[in-house]
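Residue 227 in numbering that gives the first Met the number 0 sits at position 228 of the sequence shown, with consecutive numbering throughout.
Source of the hints: derived by calculation from the structure; they are not laboratory data. Model, not experiment: these values are computed from the prediction. Check before you lean on any hint, since a few could be wrong.
Distance ranges between label pairs, derived from CB positions [said to hold, decoys possible]: (1) Val-184 <-> Glu-139: 38 to 46 Å; (2) Phe-134 <-> Ala-53: 42 to 50 Å; (3) Gly-65 <-> Glu-139: 50 to 58 Å; (4) Gly-137 <-> Thr-49: 44 to 52 Å; (5) Ser-43 <-> Arg-198: 38 to 46 Å; (6) Val-41 <-> Ser-13: 38 to 46 Å.
Simulated pairs of lysine-lysine, PhoX-like, Cα-Cα distance not exceeding 25 Å [unchecked claim]: (7) Lys-202 <-> Lys-14; (8) Lys-86 <-> Lys-96; (9) Lys-96 <-> Lys-122; (10) Lys-96 <-> Lys-125; (11) Lys-203 <-> Lys-14; (12) Lys-14 <-> Lys-196; (13) Lys-122 <-> Lys-86.
Ideal Cβ positions, reconstructed from N, Cα and C, are used throughout, including at glycine.
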Amino acid sequence: MPQTQHVEKHFTASKTIRDVVIGMSDGLTVPFALAAGLSGAVDSTKVVITAGLAEIAAGSIAMGLGGYLAARTDAEHYASERAREIKETVEIPEEEKREVSEVFRHYGLPEALADDAAHAISKNRKRWIDFMMRFELGLEEPDPLRARTSALTIAVSYVAGGLVPLAPYFFFRRMATALEGSIVVTLAALLLFGYVKGRFTVKKPLRSAWQTAVVGGLAAAAAFAIAKFIA
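Go ahead and model the full structure; you've got the sequences and the hints to work with.
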């Protein structure tokens, strides 16, 4: 009887999605709150646009730089730990073999079989080091282009998100109308963004959608109320 080939599908772009989520969520929320706050304090859409664009520029650079430094730190940490493991396999090889054997025993292998497996792995130094990095330290070798890609992804996502709440201010001169339009399009974008994020991550898109919209709405409402009170 012919059997249907089993094909597993796993989502493997988690780091990219994380960067998009970081950039887009802040890009939608911060400029939205800024625009709402300014709308409660001034009566000029030009002021809101100017301040909003300046914030988007500064925010995208800051967020992108943060992503770059975080990725660089991960790469440097991996390189440091790998160098230490290489040194230890030369200076204390028996101790390192014992650690490999412990990993195998943790996964249920009998002691004798675990020792044999550790001995076999230790015959190939690169494979030995790779095993220790992955299974003892829980570290995977980072993509050498990760820092640059992360910075660019976060920055572009921030700009894309930030332009959404500002868009109505380009088309409406009346502040109240522009603010209402900003609220509508931004909440819709937050709902859509939260839904898509939920589909890729927690698999609960509806909950993710309303949670994202609530957070963004509360931030904007707080900024508007504070600006109105001070003004």
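To see whether the hints hold, each was checked on the structure:
Separated by about 39 Å at the C-beta atoms, Val-184 and Glu-139 satisfy the suggested range of 38 to 46 Å. In this structure, Phe-134 and Ala-53 meet the distance hint of 42 to 50 Å, their C-beta atoms being roughly 48 Å apart. About 22 Å separates the C-beta atoms of Gly-65 and Glu-139, a value inconsistent with the hinted range of 50 to 58 Å. With their beta carbons about 47 Å apart, Gly-137 and Thr-49 fall inside the hinted range of 44 to 52 Å.
Evaluation of the 38 to 46 Å hint for Ser-43 and Arg-198 yields a pass: the beta carbon distance comes to about 40 Å. For the pair Val-41 and Ser-13, the beta carbons lie near 42 Å from each other, so the given range of 38 to 46 Å is met. This hinted pair checks out: Lys-202 and Lys-14 have alpha carbons roughly 17 Å apart, not beyond 25 Å. Proximity of Lys-86 to Lys-96 is assessed by CA-CA distance (about 13 Å); at most 25 Å being required, the pair is judged to hold.
For the proposed pair Lys-96 and Lys-122, the alpha carbon gap of about 10 Å is at most 25 Å, so the pair holds. Taking the CA atoms of Lys-96 and Lys-125, the gap is near 14 Å; set against the 25 Å cutoff, the hint holds. Using a Cα cut-off of 25 Å, the hinted pair Lys-203 and Lys-14 holds, with the two alpha carbons roughly 19 Å apart. Restraint check: the Cα-Cα separation between Lys-14 and Lys-196 comes to about 13 Å, which is no more than 25 Å; the hinted pair holds.
About 16 Å separates the Cα atoms of Lys-122 and Lys-86, which keeps this hinted pair within 25 Å; it holds.
In this structure, only the earlier hint numbered 3 is contradicted, and the remaining ones agree with it.
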